[in-house]
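With the first letter of the sequence shown counted as 1, position 34 gets the number 109 in my numbering; the numbers rise by one all the way through.
Simulated from the structure, these hints should not be mistaken for lab results.
Because the structure is a prediction, the values reported are computed rather than measured.
Hints are not guaranteed to be accurate.
Computed spacing ranges between beta-carbons, pair by pair [as the list claims (entries may be wrong)]:
hint, residue 1, residue 2, range
1, 206, 181, 22 to 30 Å
2, 176, 81, 33 to 41 Å
3, 191, 163, 37 to 45 Å
4, 95, 125, 17 to 25 Å
5, 207, 109, 56 to 64 Å
6, 118, 85, 16 to 24 Å
7, 91, 117, 12 to 20 Å
Note that CB positions come from ideal geometry on N, CA and C, so glycine has one too.
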Amino acid sequence: MNVFGDRGLGQINAWMTGLGQRRNATADNIANVDTPGYRRKEVTFETALRRAYGTGQNQMAATNPGHYTAGSTASGNGLQRTQALESSRTDGNDVDIDQEMVTLAETQLQYQAAATALNRKLDTLRNILRSV
């Protein structure tokens, strides 16, 4: 979506759509935590989103060596998500309920951030239209 030469609404829409798909997959995983043979679903869209919209345009500048870049950890002190190579369960189900709850919480926070970004973008457009 390109409004007044701004691709921001399209980016936010794609971001929110991907987060919605991740939320649905995580909800399916949680619902099937006790289903024998169920295989965990995972939705990753960030790389495709970055590729589609480019990465250089809207990046924040690190003005201090202590600033983080996207995807970085704090001098090795940050938490990293790891996925077990094999499930320790004998029924073939590979869902880890704790990991799914973390994924759900992260997705909810990201969705709230996207909704805030959308509201700010729409407020800007409303202000522009009012001033015309």
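Hint-by-hint comparison with the structure:
In this structure the supplied range 22 to 30 Å is violated for residue 206 paired with residue 181, their Cβ-Cβ distance being about 38 Å. Checked against the hint of 33 to 41 Å, the pair residue 176 and residue 81 passes, with Cβ atoms roughly 36 Å apart. A hinted range of 37 to 45 Å holds for the C-beta pair residue 191 and residue 163, which are about 39 Å apart. Taking 17 to 25 Å as the suggested C-beta distance range, the pair residue 95 and residue 125 conforms, at roughly 18 Å.
Judged by the Cβ atoms, the range 56 to 64 Å given for residue 207 and residue 109 holds: they are separated by roughly 58 Å. Under the hint 16 to 24 Å, the C-beta atoms of residue 118 and residue 85, about 19 Å apart, fit the expected range. In this structure the hint that residue 91 and residue 117 lie 12 to 20 Å apart at CB holds, the actual value being about 18 Å.
Violated hints amount to a single one, hint 1; each of the other numbered hints is respected by the structure.
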